Amino acid sequence: MSRLGDIVPKVRSKNAGPFWLTIDIFCGTPEMFRRVSEGLKTEAVVKLLQADATLLKRFDIDSLNVVKFSIPRPQIQGTRLDRDMHGASFAALVAEMEI
Amino acid sequence: MVKVLIPSGALGLGYDRDALARGITEKPDIIAIDGGSTDSGPHYLGTGTSKYSANSTKAEWRELMAARREAGVPLLIGTAGTCGADSAVDWLLDITREIAAETGETLKVAVLKSGQPASRIAHALGAGKVTPLVPAPEISPELIDECTNIVALAGAEHIQGALETGADIVIAGRTTDTAIISALPLSRGCHPGGAWHGAKIGECGALATTSPNSGTILIEFDAEGFTMTPMGAEARATPHTVSAHMLYENSDPYVLYEPGGHLDVTEATYTALDDRRVRVTGSKWVPSERYTVKLEGARKAGYQVVSLALVRDHRYVENIRAWCDDIETKCSAKVRERAGDGFSLELRLIGADATLGPLDAKAQIGSEVGVLGIVTADTEAMAREVAKILNPYLLHHPLTEQEEMPTFAFPFSPPEMNRGMVYEFCLNHVLELADPWEAFSLETVEIGA
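Protein chains in written order, with full-length UniProt numbering: chain A, 1 to 99; chain B, 1 to 449.
Bound-form chain A, shown alone (with noise of 0.2 Å):
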């Protein structure tokens, strides 16, 4: 097991607008991208984020070694509720996953 920030160079996550949140794991080989794609669980993701499984877009872009995953936003973007208006401090959550 590995926590996934360790092992990819990059996960970032941004604001799709003020309703949706998109993950992006860049994985930078064909060989990571693999056991990312593989060993990443879509449960997990939604597990983690809390997320509306029935929602939740998944994407696997081998051309890029690219996973990316995008939400409805937990709260929506700037609500009394919304503590990350950018929404970039979910990756540091995924990044934390163990793989």
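Calculated from the structure, these hints are not laboratory results. Computed from a prediction, not measured in an experiment: that's the story for all the values here. Built from N, CA and C at the ideal position, the CB exists for glycine as well. One or more of the hints may lead you astray.
[To be verified] Estimated spans, in silico, between C-beta atoms of each pair:
{"id": "1", "chain 1": "A", "residue 1": "L56", "chain 2": "B", "residue 2": "V286", "range": "17 to 27 Å"}
{"id": "2", "chain 1": "B", "residue 1": "D275", "chain 2": "A", "residue 2": "I7", "range": "23 to 33 Å"}
{"id": "3", "chain 1": "B", "residue 1": "A223", "chain 2": "A", "residue 2": "D62", "range": "44 to 54 Å"}
{"id": "4", "chain 1": "B", "residue 1": "P411", "chain 2": "A", "residue 2": "H86", "range": "20 to 30 Å"}
{"id": "5", "chain 1": "A", "residue 1": "H86", "chain 2": "B", "residue 2": "P392", "range": "32 to 42 Å"}
{"id": "6", "chain 1": "B", "residue 1": "A223", "chain 2": "A", "residue 2": "M1", "range": "44 to 54 Å"}
[As the list claims (entries may be wrong)] No more than 16 Å apart at the CA atoms, straight line, and that leaves these computed lysine to aspartate or glutamate pairs for EDC-like:
{"id": "7", "chain 1": "B", "residue 1": "K362", "chain 2": "A", "residue 2": "E98"}
{"id": "8", "chain 1": "A", "residue 1": "K41", "chain 2": "A", "residue 2": "D60"}
{"id": "9", "chain 1": "B", "residue 1": "K362", "chain 2": "A", "residue 2": "E96"}
{"id": "10", "chain 1": "A", "residue 1": "K14", "chain 2": "B", "residue 2": "D252"}
{"id": "11", "chain 1": "A", "residue 1": "K14", "chain 2": "B", "residue 2": "D39"}
Could you slot chain B onto chain A? The hints should help.
Then chain B, alone, in the frame of chain A:
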């Protein structure tokens, strides 16, 4: 062939001046720049104001106006003043007038406005012309009426109309990020898929290159696709930097919805022409049956006052959650008893899990914790009142009854900081239009004369 020069990802963000100068020597057909985004939150649309400093905006806009003069081609900005509300368009138009007066230029400016009266949207809602996207908040005519600003995202048709006036400068309210780049290539018959795809790649300037801070890029559109060339001396575009940009702030990296259709890049191919230019073909534009424009709206969400206390005593740090829970309970009860309802109180722990909250199961606490008291209330007076009732708790609340009164650190006097009215985004919907122009207005003004 149409050449679009994109100075940077947003006016006010800065760019490499040499890269812009190099771009001008490439003889572009138009200079296009984005002026905004929702990414900084609902405050800007709520208030109809710009995120960037007026002085920075003026300094950069002056340079772009000079670049326009030199190139002899239109200068176009979309989503002026961060939010693209009518007041933000007027703000940039005023800045443009000031610059023209200072440089002695006489200019024709086309002004495209995207602001929507609540009555129009409420009427459209009743007529079934407003459709929710996923996930969409519930809306009603009353909620629409509460919005301080509603804008619709203009498409390529609107930008084309503005350019057809022969204006030297186009100042547009809210537009899609892409429409300001795709409009001219589309009207000159370039490949529609290529026009929209190139526009998406170019909307953030040099972000899709190896040197994001260089800002300026040139995109050449033609009958089959587009070619992207960075203007920064060290900047390179590679098939990877270009194709990876489809991931950026996009929930779906293959499909992008626009007024009048959608872009599909599933079959696109990215080819390196040399070590710094990339050619893209195979992108597809799929027209839709209905013409829809996306809506953005911000409404008032109450008045906010925040207070900050710093806790350094290790026993309090170790028991900080229990301490905060006790304060929230006791303070809220006291507020209800003395001042009434219509408020919310939250104590957020900076240095613990302030960033991610309950999702951050592994969060650790250090030697000190910042306690950010966040009060949101229906009125400004109530927000202040709650924060003032909170004050003695943040200063002196003991962990147990049987101990000397503690005192915590306030970095400021008063510790209460008034954030004023706060706003929230409340629309994730599209508006169907029978005619693209029925929800937008265009006028031309002569300035500097």
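To see whether the hints hold, each was checked on the structure:
1. At about 25 Å, the CB distance of L56 (chain A) to V286 (chain B) agrees with the hint of 17 to 27 Å.
2. D275 (chain B) and I7 (chain A) have their C-beta atoms about 29 Å apart, which keeps the hinted 23 to 33 Å range intact.
3. Judged by the Cβ atoms, the range 44 to 54 Å given for A223 (chain B) and D62 (chain A) is violated: they are separated by roughly 30 Å.
4. About 25 Å separates the C-beta atoms of P411 (chain B) and H86 (chain A), a value consistent with the hinted range of 20 to 30 Å.
5. For H86 (chain A) and P392 (chain B), the hinted distance range of 32 to 42 Å is satisfied, since their beta carbons lie about 35 Å from each other.
6. Checked against the hint of 44 to 54 Å, the C-beta distance between A223 (chain B) and M1 (chain A) comes to roughly 52 Å, which is consistent with it.
7. Restraint check for K362 (chain B) and E98 (chain A): the C-alpha separation of about 13 Å stays at or below 16 Å, so the hint holds.
8. The hinted pair formed by K41 (chain A) and D60 (chain A) meets the criterion: a straight-line CA distance of about 12 Å does not exceed 16 Å.
9. For the hint pairing K362 (chain B) with E96 (chain A), the CA-to-CA distance comes to about 10 Å; that is within 16 Å, so the pair holds.
10. For the proposed pair K14 (chain A) and D252 (chain B), the alpha carbon gap of about 13 Å is at most 16 Å, so the pair holds.
11. Between K14 (chain A) and D39 (chain B), the direct Cα distance comes to roughly 9 Å. Compliance with the 16 Å bound is thereby established for this hinted pair.
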